[in-house]
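With the hints as extra help, turn the sequences into a complete structure.
So the protein lines, in turn, are chains Y and E. In terms of the numbering used here, the first sequence is residues -16 to 232. In terms of the numbering used here, the second sequence is residues -16 to 232.
No lab work stands behind these hints: they were computed from the structure. Nothing here was measured: the structure is a model prediction, and the numbers come from that model. Fair warning: there could be bad hints in the mix.
Identical chains blur together in the list; that is why a pair holds if it fits in one copy or across any two.
List time: in silico DSS-like cross-link candidates among lysine-lysine, alpha-carbon distance up to 27 Å [claimed, not checked]: (1) LYS170 with LYS59; (2) LYS225 with LYS103; (3) LYS225 with LYS182; (4) LYS22 with LYS5; (5) LYS170 with LYS18; (6) LYS92 with LYS135; (7) LYS170 with LYS22; (8) LYS5 with LYS170; (9) LYS59 with LYS144; (10) LYS95 with LYS186; (11) LYS170 with LYS100; (12) LYS135 with LYS225; (13) LYS225 with LYS186; (14) LYS59 with LYS163; (15) LYS225 with LYS170; (16) LYS182 with LYS135; (17) LYS9 with LYS170; (18) LYS100 with LYS163; (19) LYS144 with LYS95.
Spelled out, the chains give:
Protein chains: 2
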Amino acid sequence: MQLENNSSIDRHSPVPIYHQIKELIKEKIEKGELKPDEKLPSETEMEDKLGVSRMTASKALSQLENEDYIYREQGKGSFVTPPKMRNSLLSLTSFSEDMEQRGFQPGGKILKSEIIKGNKIVAAELETEPEEEVFALHRIRLADEEPLAIEKSYIRTSYCKGIEKINFTNRSLYSTFEEKYGIQLHKAEKAIEAVPATKVQAKQLNIDAGEPVLSVDQTTHVKGERNPIEYMEAVYRGDQYKLLVQLDR
Amino acid sequence: MQLENNSSIDRHSPVPIYHQIKELIKEKIEKGELKPDEKLPSETEMEDKLGVSRMTASKALSQLENEDYIYREQGKGSFVTPPKMRNSLLSLTSFSEDMEQRGFQPGGKILKSEIIKGNKIVAAELETEPEEEVFALHRIRLADEEPLAIEKSYIRTSYCKGIEKINFTNRSLYSTFEEKYGIQLHKAEKAIEAVPATKVQAKQLNIDAGEPVLSVDQTTHVKGERNPIEYMEAVYRGDQYKLLVQLDR
DNA sequence: AAGTGGTCTAGACCACGAA
DNA sequence: TCGTGGTCTAGACCACTTG
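Okay, here's the thing in structure tokens:
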């Protein structure tokens, strides 16, 4: 990798230098200017070429290693992580995003879309007061017209006022959070079980009662907020749906 | 928090100082000596009391923030993350570790424990040559004496020579990697499905054929290595096992 | 021996928050 | 104003890898 002598670093920018270096390298990796397993400039090389201290260069490279863009080997150097090893599975996605990724046409049928008073379970999961109002959105989710899942979402309305007026038939809940309300999703917990379909579920999913389905309870959190924004109880057809997750550390 | 003047830090240990500080604080949080939202010593305080440079103290605190043990606010200080906000779900754990966390006595019964030539599926998942030898470890896993899961692991032997000589009846595979081979696990992908139990599975798990079970295919990676160390096909009793995962971003 | 990353030091200036 | 974390510097010693 070539380093333009001392250009590309703006010492008067409010953006920290190590962050500028990070972005510089990320960009080169994403553009393909840096090939998989290609050696990056060493810390001392950056010291000279970019005119920064070694600790600063080191910080940039350490963080890139944490984010899995590069790997480092003592005595050898820093190298670009080949794409195969990189986090390839999207972690926090909605059904719509998920289906599009898999090449299916997502669709939906609304069962319920209204403000309700949360019941005990919902209140406990959302950490709301028992009488507090929440937005309930129950949908049957389709992939290429076939019913694939039943999703019952309960949403804390204080983060997204007026959400009950939106038609979610073919709209992603998560992209609505992000685009309409500027809400950045942070993390989620899923509790996953294999259970037999109830009669009602079987009818809605067009399968036989007792067939295995994937039951997923999910709590979704927003960046910087202590309380969750969404609690969802979902059921997926066992014969048609595979859940992919990526675990770290 | 009280800091014992300069004790508890061993400057001649091969363990880095920042890591010693991290462990010190983690321990106090886990023991409850540091309460939720309690203020930690500041960086300058650690400089004085522990006799380390500020950068070292800062590194320890930064990493604790990344690991969600503490949160930091400019101008205010560093504080213990309340347990509710903390990542409570271990991400990459073995069955044994998992069961201990849930308060069950883990146990096991070995079905197979030998070096084999990998079949096509295994070779593809482990990215080995089709004729390459792998260590096959098939176990029935027990929780409080009850069969709960069937785990079939295939392990790349080049990372852990001699592993076939170890008795894994009551031993964790992952802690063996870490303690005996010094292998640091990095990340894993799981593909999760709800399927009906086959006759053989039903017998081994002491349930009826056709009952829902959780089928999980997992590929596990090691830090700094491009190829996976383990591919596992596991089946968990649907009525007894819930899989918890934490998703980020 | 030379190059690399891993760690550590003893300073420094800044922006932010609370008093 | 003072204490805090956020960043940065210019050195240093070490262990590891490669020639």
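Evaluation of the provided hints:
{"no.": "1", "hint": "LYS170 with LYS59", "in the structure": "between (35 Å within a copy, 23 Å between copies)"}
{"no.": "2", "hint": "LYS225 with LYS103", "in the structure": "between (30 Å within a copy, 21 Å between copies)"}
{"no.": "3", "hint": "LYS225 with LYS182", "in the structure": "both (22 Å within a copy, 22 Å between copies)"}
{"no.": "4", "hint": "LYS22 with LYS5", "in the structure": "within (15 Å within a copy, 31 Å between copies)"}
{"no.": "5", "hint": "LYS170 with LYS18", "in the structure": "between (31 Å within a copy, 23 Å between copies)"}
{"no.": "6", "hint": "LYS92 with LYS135", "in the structure": "within (12 Å within a copy, 40 Å between copies)"}
{"no.": "7", "hint": "LYS170 with LYS22", "in the structure": "between (32 Å within a copy, 23 Å between copies)"}
{"no.": "8", "hint": "LYS5 with LYS170", "in the structure": "both (22 Å within a copy, 22 Å between copies)"}
{"no.": "9", "hint": "LYS59 with LYS144", "in the structure": "between (51 Å within a copy, 25 Å between copies)"}
{"no.": "10", "hint": "LYS95 with LYS186", "in the structure": "within (17 Å within a copy, 42 Å between copies)"}
{"no.": "11", "hint": "LYS170 with LYS100", "in the structure": "within (25 Å within a copy, 41 Å between copies)"}
{"no.": "12", "hint": "LYS135 with LYS225", "in the structure": "both (19 Å within a copy, 19 Å between copies)"}
{"no.": "13", "hint": "LYS225 with LYS186", "in the structure": "both (20 Å within a copy, 25 Å between copies)"}
{"no.": "14", "hint": "LYS59 with LYS163", "in the structure": "between (43 Å within a copy, 25 Å between copies)"}
{"no.": "15", "hint": "LYS225 with LYS170", "in the structure": "both (20 Å within a copy, 19 Å between copies)"}
{"no.": "16", "hint": "LYS182 with LYS135", "in the structure": "within (17 Å within a copy, 34 Å between copies)"}
{"no.": "17", "hint": "LYS9 with LYS170", "in the structure": "both (22 Å within a copy, 21 Å between copies)"}
{"no.": "18", "hint": "LYS100 with LYS163", "in the structure": "within (24 Å within a copy, 55 Å between copies)"}
{"no.": "19", "hint": "LYS144 with LYS95", "in the structure": "within (18 Å within a copy, 57 Å between copies)"}
Checked against the numbered hints given earlier, this structure breaks none of them.
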